[in-house]
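Listed below, chain by chain, are the residues.
2 protein chains.
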Amino acid sequence: MSLQPEQNKKTRYTAALLVIGNEILSGRTQDKNINWVAVKLTERGITMLEVRVVPDVEARIIDSVRALSEAYDYVFTSGGIGPTHDDITAESMAKAFDAPLEKNAEAYEILERHYGKENLTSARLKMGLIPQSATLIPNPVSGAPGFIIRNVHVMAGVPKIMQAMLDHVLATLQGGAVVLSRTVTCDLPESRIAEGLAEIQNRWAEVDIGSYPHFQDGNFGVSLVLRSIHEDQLASATEEVERLVAEVLAARKSG
Amino acid sequence: MSLQPEQNKKTRYTAALLVIGNEILSGRTQDKNINWVAVKLTERGITMLEVRVVPDVEARIIDSVRALSEAYDYVFTSGGIGPTHDDITAESMAKAFDAPLEKNAEAYEILERHYGKENLTSARLKMGLIPQSATLIPNPVSGAPGFIIRNVHVMAGVPKIMQAMLDHVLATLQGGAVVLSRTVTCDLPESRIAEGLAEIQNRWAEVDIGSYPHFQDGNFGVSLVLRSIHEDQLASATEEVERLVAEVLAARKSG
Chain A
1 MSLQPEQNKK TRYTAALLVI GNEILSGRTQ DKNINWVAVK LTERGITMLE VRVVPDVEAR
61 IIDSVRALSE AYDYVFTSGG IGPTHDDITA ESMAKAFDAP LEKNAEAYEI LERHYGKENL
121 TSARLKMGLI PQSATLIPNP VSGAPGFIIR NVHVMAGVPK IMQAMLDHVL ATLQGGAVVL
181 SRTVTCDLPE SRIAEGLAEI QNRWAEVDIG SYPHFQDGNF GVSLVLRSIH EDQLASATEE
241 VERLVAEVLA ARKSG
Chain B
1 MSLQPEQNKK TRYTAALLVI GNEILSGRTQ DKNINWVAVK LTERGITMLE VRVVPDVEAR
61 IIDSVRALSE AYDYVFTSGG IGPTHDDITA ESMAKAFDAP LEKNAEAYEI LERHYGKENL
121 TSARLKMGLI PQSATLIPNP VSGAPGFIIR NVHVMAGVPK IMQAMLDHVL ATLQGGAVVL
181 SRTVTCDLPE SRIAEGLAEI QNRWAEVDIG SYPHFQDGNF GVSLVLRSIH EDQLASATEE
241 VERLVAEVLA ARKSG
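Quick note, the sequences are listed as chains A and B, same order.
Quick note on numbering: our numbering labels position 181 of the first sequence as 181, and the sequence is numbered without any gaps.
Quick note on numbering: our numbering labels position 131 of the second sequence as 131, and the sequence is numbered without any gaps.
There's no promise every hint is true.
Copies of the same chain look alike in the list, so a pair counts if it works inside one copy or between any two.
What the hints assert, rightly or not - Derived DSSO-like pairs: lysine-lysine, alpha-carbon spacing no greater than 27 Å straight-line: (1) 10 x 160; (2) 32 x 160; (3) 117 x 253; (4) 95 x 117; (5) 117 x 32; (6) 103 x 117; (7) 103 x 160; (8) 160 x 117; (9) 40 x 10.
Read the hints as simulated data drawn from the structure, not as lab findings.
Throw the hints in and build the complete structure from the sequences for me.
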């Protein structure tokens, strides 16, 4: 959770995101957090290996967060920490990790400052109930804090708030080597370069090559994305992909 | 999978979506399929209860699809059925459900028609390798079909193709009662209406009330979304929510 001495530094840190909320699953709301978290983690040298979206159902939240917490170095959650009846994330986390949910003095102070003592309704105080031994994540936008329990970082669902909380958390987390990427785009259908691409992938074990086709206005194209923590290998593999694309394009013209 | 006689009709059909692709997890690509599938399933009376995003890693695809296939009536997958080395969905499905991957005669015919016999490279023919006993899902955009194995509907990742495949599949699936929804929006912070809202939720077990705060240009607001398969109960609960909001707004003005 905290910065480790350099000698303990791993090459790769893994993470998962758990999005909690009926509104994403019903289609009412278009998720904006998955991509944001993905980009920020990648920049920070943390590899996101899974995302789950689950409804506001206690058992589903508990099962998912336990499984993800076990499998990855870091877990991030978004959603369900507000004052309404459908905000059950804090309680679910308490149950998932056998930590009693309790009035957190620091969180109560924050809520008091934010709303004023006379306006602390029970709904608002609910946002100060935090699992025992959790650390708070400040919320510069709307007061009510997130929290960290074990390797799980519990954040708000509202994108602006989630983003502020994530920035705060990422500044404290250990990341690994940053994955660099290069993209080669061309208007070939991917089946034309598939075999050559597989050969290049076979030659470069430390470079991950992805082929992402797109289809727009009746035309096919493909983005070939190369990713690696090794800059020199990435550059060499990218040259090979560029050469492959040039050859296939030339063959198409002359064919 | 096919339409059942009316007497067998369940009230609720559940589903999960498995998004397969490194590009979503690295943040390179913003997912466009989750919300699309969510909206279409909701319209069709199918309740999406989970989404997972996993990388192009065989073991992760196999574990996830088995778990989801077990837990929900229908599973939909997107991504990884193209011709390149990183397209491993068909092979993973074959392993997940112990069905040998084999040349599918119908798929081969489709590929032959689409590309022309002389252009059937091994990369293109790879898209005709389908788990035994699977049913094909037509691809009106780019030829290469999706397929159905058990309760799993394997679709392309490119949104235009995924959408066409989903339309085809949904026309054949049994759905339950369609969930109707009503939304009440106001510029109150949700903590002001949280207690009243919980009371309304307690009175209406068959109406699911969600509170979705937003934050824009320094102002808080909230969308209160009521969902139910019972139109009359939905209307009555919505009236109660509207009354609550009006009362809190009036109290704020006079306060």
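Checked hints:
no. : hint      : result
1   : 10 x 160  : neither (31 Å within a copy, 40 Å between copies)
2   : 32 x 160  : both (10 Å within a copy, 21 Å between copies)
3   : 117 x 253 : between (75 Å within a copy, 20 Å between copies)
4   : 95 x 117  : neither (29 Å within a copy, 60 Å between copies)
5   : 117 x 32  : neither (34 Å within a copy, 44 Å between copies)
6   : 103 x 117 : within (15 Å within a copy, 71 Å between copies)
7   : 103 x 160 : within (26 Å within a copy, 50 Å between copies)
8   : 160 x 117 : within (26 Å within a copy, 53 Å between copies)
9   : 40 x 10   : within (19 Å within a copy, 43 Å between copies)
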